[in-house]
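Engineer: Make a model of the complete structure from these sequences and hints.
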Amino acid sequence: MSTASHPPAAVRSGLRAWYSRLAGLSRDARLYLFGGALMGIGNGALWVHLNLWYKAIGLGEQTIGSLLSVAAVGATATAVPAAVWIDRVAPGKVLAVSALGFALSLAAPILWPQPTFLFLVALASGALFTVHWVAAAPFFMRTAAPEDRADLFGLAHAIETAATLVAAVAVGAIAAFGHQWLGTERRGLELGLVGAAAVAALSTPVFLAIRCPAASGTRKTWRDQLAARDWRLLGKLVFPAALIGIGAGFIIPFMNLYFRNRFGLDPQHIGAVFAAGQVFTTLGFLLGPAMARRIGPVAAIVTTELASIPFFLTLAFAQSLPLAVAAFWLRGALMQMNQPISSAFAMEQVPDDQQAVTNSVRHLAWNLAWMASTQVGGWWIERDGFAPPILAAVVLYLCASMSFAWFFAGRGRRAVPTVA
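Those letters in the sequence shown? Residues 1 to 420, by this note's numbering.
Quick caveat, the hints were computed from the structure, so don't treat them as lab data. These figures come from a predicted structure and were not determined experimentally. Hints may be right or wrong, so weigh each one.
Said to hold, decoys possible - What follows is a set of in silico ranges between Cβ atoms, one per label pair, in the way DEER data are often shown:
(1) A387 - P146: 41 to 47 angstroms
(2) L283 - L104: 28 to 34 angstroms
(3) R232 - Q180: 54 to 60 angstroms
(4) F117 - D384: 18 to 24 angstroms
(5) I295 - A77: 34 to 40 angstroms
(6) E382 - T116: 17 to 23 angstroms
(7) Q62 - P205: 38 to 44 angstroms
(8) K93 - G235: 31 to 37 angstroms
(9) P310 - E382: 25 to 31 angstroms
(10) G264 - P81: 40 to 46 angstroms
We put the CB at the ideal spot given by N, CA and C, even for glycine.
Structural biologist: In structure tokens form, the structure reads like this:
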């Protein structure tokens with residue numbers, strides 16, 4: 001009888017396979033995954049609860065959108081310099097500095113919630129988290145065997161997503177307790193955010209234990225880093241991602257406000273919705289590499305993006321909370337499913353000495369797109385509600401999927417290597 005007829009057995013088999021892959025990774029890769037889980041707690045608090053804290057101190061959606069845009073400015077300004085830094089400094093040190101700085105930037109606004117300071121901290125937060133992710137992809141390519149890379153990308157995303165799940169539940173619960181204990185929603189959220197920042201800071205010594213040295217060879221200047229060998233290929237890798245970034249920026253940063261404004265959910269229930277969604281997203285990250293091995297990375301990326309569109313449309317018009325929650329979960333799972341596939345695919349298309357700059361330019365394009373559209377999204381939502389920006393995102397996602405398929409159709413049968 002087939003394994004498919006016994007779902008529990010299939011799940012156990014899948015978990016054993018993933019455990020085997022994890023055990024087969026290098027010491028440095030496992031340290032990264034552990035540190036990433038701790039840092040993911042802080043990122044989860046920022047993703048789910050920081051906007052709610054902004055709202056609790058009296059900021060409007062347009063101002064919140066401006067803060068998110070400033071974070072994208074920091075990410076944009078850091079992307080290419082980060083590539084130079086990564087080539088010159090051991091990755092463990094790069095990851096440790098970015099983790100400690102990110103943790104401090106999560107707690108600092110609470111100490112002095114003045115507008116100018118909030119914008120400066122948002123700028124630093126975006127820059128520091130970008131350094132973390134720009135450093136990760138070249139590090140993965142150096143520390144993992146070719147047949148393990150797609151799985152390492154998937155595991156890294158899955159573990160940090162699972163940490164976000166923990167943060168969404170824990171920070172929401174701490175915020176609810178703090179609300180009762182300290183008397184206001186704002187103070188409760190601050191208690192939860194400080195706790196998440198403390199956990200994120202614990203990733204610093206973990207990253208410092210990574211032994212991988214700095215990249216060998218001649219150190220490159222900014223000009224050398226930007227002298228990519230194939231800008232046409234890089235443009236094809238970047239353009240669809242930028243379209244996705246524009247569409248996502250219109251609405252994704254405001255989904256916690258979507259559930260608060262449209263359905264009246266409180267921070268604890270919003271945290272629970274996001275936490276449950278992370279279960280689906282984590283499964284998506286783990287299933288993505290297997291899907292790419294079966295149908296090829298290009299087909300997997302395009303399929304997941306197109307499949308997310310009906311759920312976006314549901315979010316635009318849903319007046320039923322259960323329907324909106326289900327659409328939110330499934331849309332997120334499908335879109336995040338292709339993240340490890342697209343990251344590994346992009347790194348495999350370029351020579352080793354161009355991986356850092358390729359990853360930097362991809363982040364640069366994403367953050368430029370996010371920066372512009374988040375600012376517009378906050379203004380648009382405040383004026384017209386959530387439906388119009390969601391519909392605009394649908395159009396952009398469709399264009400991104402079609403352009404990626406057009407650019408890489410000839411490589412669509414090249415699948416991610418299968419793990420033996």
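Engineer: A separate judgement is required for each hint: does it hold in the structure or not?
Structural biologist: How the hints compare with the structure:
1. A387 - P146: 41 to 47 angstroms: Given range 41 to 47 angstroms: holds, Cβ gap about 45 angstroms.
2. L283 - L104: 28 to 34 angstroms: 33 angstroms, holds
3. R232 - Q180: 54 to 60 angstroms: 59 angstroms, holds
4. F117 - D384: 18 to 24 angstroms: At roughly 31 angstroms between Cβ atoms, D384 and F117 fall outside 18 to 24 angstroms, so the hint is violated.
5. I295 - A77: 34 to 40 angstroms: 38 angstroms, holds
6. E382 - T116: 17 to 23 angstroms: 22 angstroms, holds
7. Q62 - P205: 38 to 44 angstroms: Roughly 40 angstroms apart at Cβ, these two residues keep to the hinted range, so it holds.
8. K93 - G235: 31 to 37 angstroms: 32 angstroms, holds
9. P310 - E382: 25 to 31 angstroms: Once the Cβ atoms are compared, 27 angstroms apart, the range 25 to 31 angstroms for E382 and P310 holds.
10. G264 - P81: 40 to 46 angstroms: 44 angstroms, holds
Violated hint for the displayed structure: number 4, the only one.
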